[in-house]
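S.K.: Work out the full structure: start from the sequences and follow the hints.
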Amino acid sequence: MILFYSEKITPRIEYIVKLYFEQILQVKVLFTSDFMEFKNAESAKINYSGQPFKGGIYLKPHPLLFESEISVKKPETVDYKNAQYFFPSSADSFLPFDLFAAGFYLVTRYEEYIIAERDHYGRFIAGESILFKNQLLKKPVINLWAEMLASEISKTYPQFAWPERKFSFLSTIDVDNAWAYRHKGFSRTTGALTKSLLKGHLIEVFERIAVLLRIKNDPYDNYSFIDSVFEGNEKLVRFFYLLGNYSRFDKNISHRNLRYRQLIRKTKRHYLVGIHPSFAAATDKRGKILKEEKQRLARITGSSVEISRQHYLKIEFPTTFRNLMKAGIFKDYSLGYASATGFRAGICTPFYFYDLEREKTTELLQTPFQVMDVTLLHYLDLEPDQAWDEILTLMDEVKNVNGTFVSVWHNESVNDRGHWKGYREVFEKMNQLGFRWANE
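Quick note: the sequence shown uses my numbering, first residue 134, plus one each step.
Hints are computed from structural coordinates only; laboratory data are not their basis.
Check before you lean on any hint, since a few could be wrong.
[What the hints assert, rightly or not] Straight-line Cα separation of at most 30 Å, DSBU-like style, residue types lysine-lysine; simulated pairs:
no., residue 1, residue 2
1, Lys161, Lys172
2, Lys493, Lys421
3, Lys554, Lys299
4, Lys299, Lys214
5, Lys399, Lys424
6, Lys207, Lys193
7, Lys447, Lys418
8, Lys266, Lys532
9, Lys464, Lys424
10, Lys447, Lys151
11, Lys424, Lys401
12, Lys214, Lys532
13, Lys271, Lys447
14, Lys401, Lys554
15, Lys554, Lys384
16, Lys161, Lys368
17, Lys447, Lys424
18, Lys532, Lys271
19, Lys271, Lys562
20, Lys151, Lys459
21, Lys532, Lys288
[Unchecked claim] Per label pair, the in silico range of CB-to-CB distance:
no., residue 1, residue 2, range
22, Glu202, Glu367, 38 to 48 Å
23, Ala216, Ser287, 34 to 44 Å
24, Glu367, Ser204, 38 to 48 Å
25, Trp295, Pro196, 26 to 36 Å
26, His552, Arg321, 21 to 31 Å
27, Ala216, Met134, 27 to 37 Å
28, Phe382, Pro196, 35 to 45 Å
29, Arg432, Asn215, 46 to 56 Å
30, Thr210, Thr289, 19 to 29 Å
31, Thr289, Lys141, 19 to 29 Å
Even glycine gets a Cβ: it sits at the ideal position worked out from N, Cα and C.
M.R.: The following block contains the structure:
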């Protein structure tokens with residue numbers, strides 16, 4: 134047990150301290166604002182106050198965790214061990230920066246409330262983040278800070294016993310469009326053929342006709358291959374299906390399509406299946422579209438829907454997560470960037486969403502991901518061998534802190550054709566290694 138002392142225990146303090154100790158380091162923490170209780174305690178203890186005194190580990194707090202508003206501020210940086218961290222502490226603290234304030238700033242996505250710049254999809258830009266600007270986006274800094282905290286406690290209290298933690302691995306598949314050519318309906322199929330003809334895309338025309346005549350396989354129908362890669366590790370896999378109405382950014386098969394419904398039911402027999410809320414749902418402030426899409430999936434699978442990942446990774450704080458909770462979804466896998474790999478919130482451990490506007494810890498568990506296939510190819514323009522090196526680097530970072538590595542792939546990206554040539558092998562190698570590490 135850890136005893137944590139501060140003159141005032143705020144909701145922000147309670148949230149971030151529990152994240153470090155109970156969710157990452159997996160030890161119990163108790164809070165007190167009673168100085169005598171802290172002084173007389175014989176357990177491992179931390180003094181997070183303005184006054185250092187004998188006994189315990191001392192860290193002078195930054196004011197951030199004692200505030201109750203969202204203010205526009207640029208955190209002051211601190212040089213420590215060849216890295217630039219933020220929120221200075223003091224010379225007599227065990228660290229020159231306040232890891233609790235810094236961790237809170239990152240996991241709550243504080244900067245996404247105060248920085249207005251967005252990309253053309255309305256998403257927060259990776260390059261605007263403090264982690265990117267300080268060359269820390271590829272590091273799970275919060276998990277590393279937790280290790281620093283544990284190291285200091287072990288040094289001060291050699292008898293303190295830490296529970297064993299293990300590396301975890303999750304492989305996830307987003308099904309934005311189940312088939313490239315099949316099961317699209319007469320009007321969509323003839324329209325697409327006409328459009329290809331008018332543009333002179335004859336290879337695409339011939340391929341589409343060959344697929345429709347069942348001479349060739351549909352290039353997006355890679356489900357048997359995916360099953361073969363996941364065989365024996367189905368519990369470490371998540372599938373997310375798009376069930377929104379057809380629109381500019383939601384070009385999926387209709388949720389009424391019999392073949393699509395059969396595919397979803399087949400997937401559900403082997404894997405945990407969640408909703409992939411449409412772009413339209415993400416921009417619906419009231420959350421009505423999300424509820425309808427969730428109900429569609431529940432009707433198709435005949436079971437409750439517990440997990441989600443936003444289509445296009447379209448997130449708006451705090452609306453997106455409030456809408457998920459209103460819809461009865463309390464596990465989300467959306468937290469990551471489309472344009473960059475790495476650690477959007479600086480962490481590789483699932484954690485609970487903190488509603489900054491309401492100053493409240495919620496029941497919604499966020500599982501961040503570190504890498505997505507589209508990022509590697511379309512945003513970073515990596516060859517397959519370069520993509521594998523990027524994935525392996527990130528997996529090593531996660532394994533070194535016993536975190537959870539999560540990747541995002543799509544059914545079409547493993548077809549080993551065209552611009553995706555070679556990525557099927559990357560997918561196989563990543564999963565083989567991840568499953569082996571997780572099962573060690």
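S.K.: Any of the earlier hints contradicted here, and which numbers?
M.R.: 3 and 23
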